[in-house]
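Using the sequences plus the hints, can you model the full thing?
Residue numbers (the working numbering): 1 to 191.
Simulated from the structure, these hints should not be mistaken for laboratory data.
Errors might be hidden in some of the hints.
To be verified - Using 25 Å as the maximum straight-line C-alpha spacing, the simulated SDA-like pairs for lysine to any residue come out as follows:
id : residue 1 : residue 2
1  : 38        : 94
2  : 38        : 134
3  : 82        : 107
4  : 16        : 53
Unchecked claim - Distance windows between CB atoms, simulated:
id : residue 1 : residue 2 : range
5  : 157       : 20        : 23 to 29 Å
6  : 60        : 26        : 41 to 47 Å
7  : 44        : 179       : 30 to 36 Å
8  : 105       : 187       : 20 to 26 Å
9  : 132       : 60        : 33 to 39 Å
10 : 55        : 104       : 57 to 63 Å
11 : 132       : 85        : 18 to 24 Å
12 : 105       : 19        : 56 to 62 Å
13 : 169       : 108       : 23 to 29 Å
14 : 104       : 28        : 46 to 52 Å
Glycine included, C-beta positions come from ideal geometry on N, C-alpha and C.
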Amino acid sequence: MEEAVLVSKLRARDEKAFETLLRLYMAQLLRVARRFLKNEEDARDAVQETFVAAFRSIDRFKEGSKLSTWLHRIVVNASLMKLRSRRRHPEEEIDALLPRFAADGHQVEDSVDWKMSAEDMVQREETRELVRKSIDRLPESYRVVLLMRDIEEMSTEETAEVLGITPTAVKVRLHRARQALRTVLDKELRR
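Written as structure tokens, this is what we have:
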């Protein structure tokens with residue numbers, strides 16, 4: 001079904017259109033929520049809240065926008081709200097995770113030479129778990145951008161639209177998140 005037709009039917013409160021919306025986007029949105037929340041029940045709740053919110057506010061959906069981007073924004077916001085409501089400790093500053101540089105511009109600690117190819121590393125479950133835990137250490141505003149750009153493979157513009165920030169802010173946060181992730185992984189790989 002063409003997206004404009006689907007939106008029109010959703011606005012008419014067509015139940016079959018809502019079922020189509022669920023079928024088309026459920027798996028994708030659940031995957032996004034899981035990346036943010038790490039808890040299956042919370043992820044499912046966030047997706048359910050997303051569809052309820054979408055159904056209630058479909059009349060405010062702007063023509064010319066992508067339905068998937070709009071739904072992504074809702075699920076990310078629902079996930080972030082869940083994270084904020086259960087936050088137990090203050091977010092760590094990203095500066096503590098970034099590489100340090102000497103006055104001459106060289107890194108204080110050289111990066112570890114990763115001996116295997118990136119593909120070999122990704123295939124190892126131990127490494128995947130290490131990367132997941134390292135990503136989880138990033139401050140939320142940086143982790144979210146990293147997940148959306150590098151894991152969800154959203155464009156800079158889509159990420160900016162979903163988060164309600166500028167593309168420049170996305171680029172800066174992504175660069176700093178990647179730097180911090182590399183530094184965290186370097187420390188772990190030295191062990």
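- Query: Does the hinted range 56 to 62 Å hold for residue 105 and residue 19 at CB?
  - Reply: About 58 Å separates the Cβ atoms of residue 105 and residue 19, which means 56 to 62 Å holds.
- Could one say that the CB atoms of residue 104 and residue 28 fall in the range 46 to 52 Å? Because 47 Å falls inside the window, the suggested range holds.
- Message: Check the hint pairing residue 82 with residue 107 against an upper bound of 25 Å on the C-alpha distance.
- Response: 37 Å, violated
- Message: Quick check: does the Cβ-Cβ distance between residue 44 and residue 179 fall within 30 to 36 Å?
- Response: 33 Å, holds
- Item | residue 105 paired with residue 187, Cβ distance criterion 20 to 26 Å | 21 Å, holds
- Item | Beta-carbon spacing of residue 55 to residue 104 - inside the hinted bounds 57 to 63 Å or not | 58 Å, holds
- Task: For the pair supplied as a hint, residue 38 and residue 94, confirm whether the alpha-carbon distance does not exceed 25 Å.
- Result: 21 Å, holds
- Lying within 41 to 47 Å: is that true of the beta-carbon distance residue 60 to residue 26? Violated: the Cβ-Cβ distance is about 22 Å, outside 41 to 47 Å.
- Query: Can the suggested window of 23 to 29 Å be confirmed for the beta-carbon pair residue 157 and residue 20?
  - Reply: 26 Å, holds
- Given a hinted range of 18 to 24 Å, is it respected by the beta-carbon distance of residue 132 and residue 85? Since residue 132 and residue 85 have Cβ atoms about 22 Å apart, the given range 18 to 24 Å holds.
- Given the proposed pairing of residue 38 with residue 134, does the C-alpha separation stay at or below 25 Å? 14 Å, holds
- So does residue 132 sit 33 to 39 Å from residue 60, Cβ to Cβ? 35 Å, holds
Going through the hint list in order, the structure does not satisfy hints 3, 6.
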